[in-house]
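Using the sequences and the hints, build the whole thing.
Adding 13 to a residue's 1-based position in the sequence shown gives its number in my numbering.
One or more hints might be untrue.
Calculated pairs, EDC-like style, for lysine to aspartate or glutamate (alpha carbon to alpha carbon, straight line, at most 20 Å) [as the list claims (entries may be wrong)]:
#, residue 1, residue 2
1, K52, D80
2, K110, E100
3, K127, D117
4, K67, D129
5, K110, D143
6, K113, E85
7, K113, D97
Label-pair restraints from in silico Cβ distances [claimed, not checked]:
#, residue 1, residue 2, range
8, Y101, D69, 16 to 24 Å
9, A37, Q77, 28 to 36 Å
10, D42, D97, 45 to 53 Å
11, R93, T41, 39 to 47 Å
12, A130, G43, 27 to 35 Å
Since the hints were made in silico from the structure, they are not lab data.
Glycine is no exception: its CB is placed at the ideal position from the N, C-alpha and C atoms.
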Amino acid sequence: MKKITGIVILAIVLVICSLAMTGAKQFTDGVYRGESRSKYTAEPYWGQVTIEIKNDNVTLLSFQILDKEKNEVFGPDYERHFKDNPEYITQCRNEVKGIKAYTDAFLKTGTIGKIDAITGATWSYNIFRDALNTALDKARNK
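Here it is as structure tokens:
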């Protein structure tokens, strides 16, 4: 009987501990930065994400793509580098839309898993996702 009581008490303690752990914070409050080129390692473009974590939530998020060769932020006027290539101009415009859309979508949903890549803006999605994951990994309690 004592053996069964001991096993029951141990089981209760394990359940309580596991419930307590599920309420544990996933992230440490602070500001974190992540950079990534994703799979585009032959290109000079780096995604740069800055996040602020408070109470296990991302409360601030900024994302930009930097052309480290030209030391220039990829933005609406970046298409000037492709003035003779309408296809690249369209691509630049799609990616600029993606940069804003992905940032807004993450702040709304709180998870990268619920964000769909925009057609024509997969490049910026991949760079965003990987730079964000780098920043989140730095914030994660381990």
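Hint check results:
1. K52 / D80: The hint holds at about 15 Å.
2. K110 / E100: holds (16 Å)
3. K127 / D117: At roughly 12 Å apart (the allowed maximum being 20 Å), D117 and K127 satisfy the hint.
4. K67 / D129: Judged against 20 Å, a Cα distance of about 25 Å means the pair is violated.
5. K110 / D143: holds (18 Å)
6. K113 / E85: It holds: about 17 Å lies between the C-alpha atoms, which stays within 20 Å.
7. K113 / D97: Given that 20 Å is the threshold and the Cα spacing comes to 26 Å, the pair is violated.
8. Y101 / D69: 16 to 24 Å: For Y101 and D69 the Cβ distance comes to about 41 Å; the hint is violated.
9. A37 / Q77: 28 to 36 Å: holds (32 Å)
10. D42 / D97: 45 to 53 Å: holds (49 Å)
11. R93 / T41: 39 to 47 Å: Since R93 and T41 have Cβ atoms about 41 Å apart, the given range 39 to 47 Å holds.
12. A130 / G43: 27 to 35 Å: holds (29 Å)
Taken one by one, the earlier hints fail for this structure at numbers 4, 7, 8, listed in ascending order.
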